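Chemist: Going down the list, the protein sequences come from chains A and B. Just so we're aligned: the first sequence equals residues 1 to 153 in UniProt numbering. Just so we're aligned: the second sequence equals residues 1 to 153 in UniProt numbering.
Some clues are possibly wrong.
Same chains, same label: a pair holds when it works inside one copy or across any pair of copies.
[What the hints assert, rightly or not] List of simulated lysine-lysine pairs, DSS-like, C-alpha gap at most 27 Å:
1) Lys7 - Lys52
2) Lys7 - Lys96
3) Lys52 - Lys96
4) Lys136 - Lys96
5) Lys96 - Lys130
Source of the hints: derived by calculation from the structure; they are not laboratory data. Nothing here was measured: the structure is a model prediction, and the numbers come from that model.
There are 2 protein chains.
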Amino acid sequence: MGARFLKSIRLLAECMQGYERLSGEYVRRSGLTHAQFDIIATLGNTPGMSYKELGEKTLITKGTLTGVIERLEQKGLVERQRSDCDKRSFFVRLTKEGERVFCDVFPEVISQSGKVFAHYTPDDFSALEKTLSELKNVIMAGHLPGTPEHDCD
Amino acid sequence: MGARFLKSIRLLAECMQGYERLSGEYVRRSGLTHAQFDIIATLGNTPGMSYKELGEKTLITKGTLTGVIERLEQKGLVERQRSDCDKRSFFVRLTKEGERVFCDVFPEVISQSGKVFAHYTPDDFSALEKTLSELKNVIMAGHLPGTPEHDCD
DNA sequence: TATTGTTATACTCTATAACTATA
DNA sequence: TATAGTTATAGAGTATAACAATA
């Protein structure tokens, strides 16, 4: 029962929870739900990606993803395009308006929630990034290695 | 736009997401939803707490909490008791069965998801705990200091 | 036959606000 | 008047499974 990693996980959860509480207010203020913001944030600064990839990155299952994307499409924030190489597949990307929201809402969320880091030094950041990167590595290694990933465009 | 903390937050989110993916399978297998598991995990190893406190710790708003607790009560996993000192307030705690689930599901989730830490050294844990504790501190400091907290029982 | 995305169902969570009963 | 919890409502996310089109 004395699994030491539990303390880290609890800290991890508390940090995430705290940060979400901090940023959540600004997310909601933008009229986006958490899941929708997740999608926008994931698509931001990318050329777009398939439903499959989007689902994997955001932990949203395909059935749900249809609905979330649908609402974002209605809002004119994302657009879909049939993939050329696999006609079953859609390519989802931000529209101009979606990019505007990303560039608008994101920095606002960022600047507000980033205030708490005012006194962090470069060394503090380095240490944090290092330990989190290692943590991410072991966690991701725990997932099945099956990520076939076909080259396409 | 080059806010350095973003990298840390992204790593944080990826770690949390990865861990939830890892543990989520076992949580669902127990028949609990994520929110329900949150409650059980929060109540575990405590004498119980009020709705208010529970809501603060889990980020679940009071209106929602009523429903979540209701379902857990129906399952016989938690019980409520009027607070002596404040009759508006309920005291929520795990039942015997709830403790059994906590002691049963939790370790299973823990042992399965903990496998990825097999090669972590005490130093690795120390470093992780240290950086996360610091992170938690600055994040929590970002919340309003108003946590009056009345002593009671 | 396997995979991508859709549809349908049933349930759960969420935000919000009006309400009650206590304080 | 303010606070703890309830109720009601509308919207959104979730798991799951059956389905179409494509690979």
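Chemist: Does the structure break any of the earlier hints, and which numbers would those be?
Modeler: Structure breaks hints 4 and 5.
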